Amino acid sequence: MTHVHHDAFVIKTHGRGPVEVTDRVRDIVAASHVGTGLVHVFCHHTSASMLITENADPVVRSDLERFLARLAPDGDPAFEHVAEGPDDMPAHVRSALLGPSVTVPVRDGRLGLGTWQGIFLYEHRRGGHRRRVTVTVMGTGR
Amino acid sequence: MTHVHHDAFVIKTHGRGPVEVTDRVRDIVAASHVGTGLVHVFCHHTSASMLITENADPVVRSDLERFLARLAPDGDPAFEHVAEGPDDMPAHVRSALLGPSVTVPVRDGRLGLGTWQGIFLYEHRRGGHRRRVTVTVMGTGR
Amino acid sequence: MTHVHHDAFVIKTHGRGPVEVTDRVRDIVAASHVGTGLVHVFCHHTSASMLITENADPVVRSDLERFLARLAPDGDPAFEHVAEGPDDMPAHVRSALLGPSVTVPVRDGRLGLGTWQGIFLYEHRRGGHRRRVTVTVMGTGR
Numbered sequence: 001m002t003h004v005h006h007d008a009f010v011i012k013t014h015g016r017g018p019v020e021v022t023d024r025v026r027d028i029v030a031a032s033h034v035g036t037g038l039v040h041v042f043c044h045h046t047s048a049s050m051l052i053t054e055n056a057d058p059v060v061r062s063d064l065e066r067f068l069a070r071l072a073p074d075g076d077p078a079f080e081h082v083a084e085g086p087d088d089m090p091a092h093v094r095s096a097l098l099g100p101s102v103t104v105p106v107r108d109g110r111l112g113l114g115t116w117q118g119i120f121l122y123e124h125r126r127g128g129h130r131r132r133v134t135v136t137v138m139g140t141g142r
Numbered sequence: 001m002t003h004v005h006h007d008a009f010v011i012k013t014h015g016r017g018p019v020e021v022t023d024r025v026r027d028i029v030a031a032s033h034v035g036t037g038l039v040h041v042f043c044h045h046t047s048a049s050m051l052i053t054e055n056a057d058p059v060v061r062s063d064l065e066r067f068l069a070r071l072a073p074d075g076d077p078a079f080e081h082v083a084e085g086p087d088d089m090p091a092h093v094r095s096a097l098l099g100p101s102v103t104v105p106v107r108d109g110r111l112g113l114g115t116w117q118g119i120f121l122y123e124h125r126r127g128g129h130r131r132r133v134t135v136t137v138m139g140t141g142r
Numbered sequence: 001m002t003h004v005h006h007d008a009f010v011i012k013t014h015g016r017g018p019v020e021v022t023d024r025v026r027d028i029v030a031a032s033h034v035g036t037g038l039v040h041v042f043c044h045h046t047s048a049s050m051l052i053t054e055n056a057d058p059v060v061r062s063d064l065e066r067f068l069a070r071l072a073p074d075g076d077p078a079f080e081h082v083a084e085g086p087d088d089m090p091a092h093v094r095s096a097l098l099g100p101s102v103t104v105p106v107r108d109g110r111l112g113l114g115t116w117q118g119i120f121l122y123e124h125r126r127g128g129h130r131r132r133v134t135v136t137v138m139g140t141g142r
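Residue numbers (our numbering), protein chains in the order written: chain A, 1 to 142; chain B, 1 to 142; chain C, 1 to 142.
Bound-form chain A, shown alone:
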């Protein structure tokens, strides 16, 4: 018998950078009664992303932010889409590169991340926003 379990939450961000959501996803997997399958985490926005990266040393995230800020700098004169400010188009670029979703295996009813992997919502705008996330767990029942 296959189960499909949906849940959703909102993350209130406080400016640019990653916010860990691993525990929230883990709890939804536990509540889903899926034993073996996949969990998909989707962000409904084009200036935020879902990302799996190292969750131990926070300096990894500040270094990643430095890399992205250099790759797609705010106020880039190449960009014409500046309606919402100098960080608007760079946020869309980061979102295209990192993508809006991650998918992770579920085994024995548990989120199958590696030891150092965490799931993050990455806010790409300078200001805080309310970001909607949908989590879908699919697989055989426990």
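The hints are simulated quantities; they were obtained by calculation from the structure and are not laboratory data.
There's no promise every hint is true.
The list treats identical chains as one, so a pair stands whether inside a single copy or across any two.
What the hints assert, rightly or not - SDA-like, lysine to any residue: derived pairs with alpha carbons at most 25 angstroms apart:
(1) Lys12 - Arg142
(2) Lys12 - Arg107
(3) Lys12 - His33
(4) Lys12 - Ser62
(5) Lys12 - Val82
(6) Lys12 - Gly109
(7) Lys12 - Ala56
If you're wondering where the values come from, they're calculated on a predicted model, not measured in any experiment.
Using the hints, position chains B and C against chain A.
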């Protein structure tokens, strides 16, 4: 009861840039009789991608194209794979960065995109090509 | 009737670069008895990635490596996370950009890749590592 629904289509591109396919994917989801689950959209090529980005202001797409053209310029002397021309290897680089597929939640039988999200096939070559796309919808029946 | 089939393997890498795993994934799909659905390939590490790219001309992969080495160079003075060496943080950056998983359609019990597509585990560290990969096949039975 779980349904798995497959469909496929071909996009005839007319040179580099994104082509919106949101309505095609939406129609396949509607025809699938899946109520709750996921839809996966896959491009069978290594010089084109699937991408979710802003679908309101077309300038977002022209700015994204400017960004990618600067990041992986045609005729880059670092590249040896030039068999099909100066845009061949840059197209493979773009394809590696953006990826060949997107996965989106399905809820209440509908494609669960955010308000400003659209699904695009991104042609990375300068010339037009026929690009095959497979759509898989999986989940509980309506 | 829906099947969910899980398998896992370890790739012993010998330094930076892509290692093809298409045949391993193809064999797992064949053994899964899934006829129509999806296969998800996940790498449990934050300094290695899963990638779909051209599998015919190996120069595509060496050019891609040259591109990534220029984009995120080892020893970049912008990075503070250097605990494991000058290639540590660049490996996390590459991993964020390429992502930890790929998802491919399964049709008629076969891996639905395009003609020139191959699945690769990309080792981003300079040294060799043991990299764990989980493969999940989900869909209707054959």
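Hints, one by one, checked against the model:
For the homomeric pair Lys12 and Arg142, neither the shortest alpha-carbon distance inside one copy (33 angstroms) nor that between copies (32 angstroms) is at most 25 angstroms. Taking identical chains as interchangeable, the C-alpha atoms of Lys12 and Arg107 lie at most 25 angstroms apart only when they sit on different chains, with a minimum of 23 angstroms there against 30 angstroms within one chain. Taking the closest pair of Cα atoms, Lys12 and His33 never come within 25 angstroms of each other, the shortest separation being 28 angstroms inside a single copy and 34 angstroms across copies. Only within a single protomer do Lys12 and Ser62 lie at most 25 angstroms apart by alpha-carbon distance; the minimum there is 20 angstroms, versus 30 angstroms between protomers.
In this assembly of identical chains, Lys12 and Val82 lie within 25 angstroms of each other by CA distance solely inside one copy; the values are 23 angstroms within and 31 angstroms between copies. In the homo-oligomer, the alpha carbons of Lys12 and Gly109 never lie at most 25 angstroms apart, since the shortest distance is 28 angstroms inside one protomer and 28 angstroms across protomers. In this assembly of identical chains, Lys12 and Ala56 lie within 25 angstroms of each other by CA distance both inside one copy and across copies; the values are 22 angstroms within and 24 angstroms between.
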